[in-house]
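Undergrad: Sequence:
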Amino acid sequence: MARTFDTLFSRRTLLRGAAGALALPALGGAAFAAGRGPEDLRKAGVVRVGCEAAYRPFTFRDGAKIVGYDVDLAALLFQPLGVRVEMVDTAWAGVIPALYAGNFDVIMTSLTYTKERVQKVGYTIPYTEATQELLIRASDAGTIKSLDGMAGKILGVKLGSAGDTMKAGLEEKLKAATGKGFAEIKTYDDHPSAYLALAQGSVDGVINALATLTQVTKDAPGRYAIVRNIGPRNWAGIGLRKEDTALAGFLDERITALKASGEIYALQEKWFGIRMDLADKVPTFS
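For reference, each letter of the sequence shown is one residue, going -33 to -1, 1 to 253 in mature numbering (1 follows the signal peptide of the UniProt record, and there is no 0).
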């Protein structure tokens, strides 16, 4: 998993257990051996989308209803097929086995690309960013416009997070560009504690995933700002069974069409408050 687990912005509710992901009746996984395409979904009249309905703003519950960026996007993606889209709330720990058990047709909810994961599942091209970026105080937006603005300042990271892994590389990059690194790097047990330290002035920037940071800024209007282009680019795609190449091709065409029409960016503005930079290809891993 290339994401972190925040106390207030929980990415993955592992306490539900992997068994929950397999609780739904299987739809005959062996029958998918030849691969499924868009016409199979059209005939079925429904597409089932595996998600974790606890990750704002991708998929989350509004009362009994699952809403979010992925829900709106799925409706647009599958619209030409004239099918009903059913979001299947699933424990994230077992989402890939549940896909191959036939519990749903695709996986959404920001399934990031990793070297291990691309060996297990098929992927579409990116439909959302998953890059690590920098949260700063809104009052510092005029002076901290890039990583260089953090020279001589204090960085906050969560223990064991992607930001924690990146800190040494960021320090080297900062020294190479400005001649000096961070004044200090402080480590916190969770991201909300780091955000509080930022608000109180104990640190000058906090690293976390872009999508999560957009929610932090929405929940505290006027308090924080986001500095982009901090970490290496990363994205998420829609996950499918490896053999469902025809379906993957259909979805790639749909994502490309929604980028050309601007509809996917309108959804990003709606749910994240920003427009994301989407690569045209699935990332490769050496």
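Possibly wrong hints are sitting among the right ones.
Here are the simulated lysine-lysine pairs, DSSO-like style, with alpha carbons at most 30 Å apart [to be verified]:
id	residue 1	residue 2
1	Lys112	Lys87
2	Lys82	Lys120
3	Lys112	Lys248
4	Lys237	Lys112
5	Lys112	Lys153
6	Lys147	Lys82
7	Lys140	Lys153
8	Lys153	Lys142
9	Lys147	Lys120
10	Lys248	Lys82
11	Lys120	Lys185
12	Lys87	Lys120
Read the hints as simulated data drawn from the structure, not as lab findings.
Undergrad: Indicate, hint by hint, whether the structure satisfies it.
TA: For each hint, the structure was consulted:
Proposed proximity of Lys112 and Lys87 is contradicted: the alpha carbons are some 39 Å apart, above 30 Å. This hinted pair does not check out: Lys82 and Lys120 have alpha carbons roughly 33 Å apart, beyond 30 Å. Proximity of Lys112 to Lys248 is assessed by CA-CA distance (about 29 Å); at most 30 Å being required, the pair is judged to hold. Annotation: proposed proximity of Lys237 to Lys112 holds, straight-line Cα distance about 24 Å (limit 30 Å).
Restraint check for Lys112 and Lys153: satisfied, since their Cα atoms lie roughly 21 Å apart, inside the 30 Å limit. Between Lys147 and Lys82, the direct Cα distance comes to roughly 33 Å. Violation of the 30 Å bound is thereby established for this hinted pair. Taking the CA atoms of Lys140 and Lys153, the gap is near 18 Å; set against the 30 Å cutoff, the hint holds. About 18 Å separates the Cα atoms of Lys153 and Lys142, which keeps this hinted pair within 30 Å; it holds.
Between Lys147 and Lys120 the CA atoms are separated by roughly 10 Å; this keeps the pair inside 30 Å, and the hint holds. Taken as a hint, the Lys248 and Lys82 pair is honoured in the structure, with Cα atoms around 15 Å apart against an allowance of 30 Å. Proximity of Lys120 to Lys185 is assessed by CA-CA distance (about 25 Å); at most 30 Å being required, the pair is judged to hold. Pair hint Lys87 plus Lys120 does not hold up; C-alpha atoms about 41 Å apart against a cutoff of 30 Å.
Violated hints, listed in ascending order, are 1, 2, 6 and 12; each of the other numbered hints is respected by the structure.
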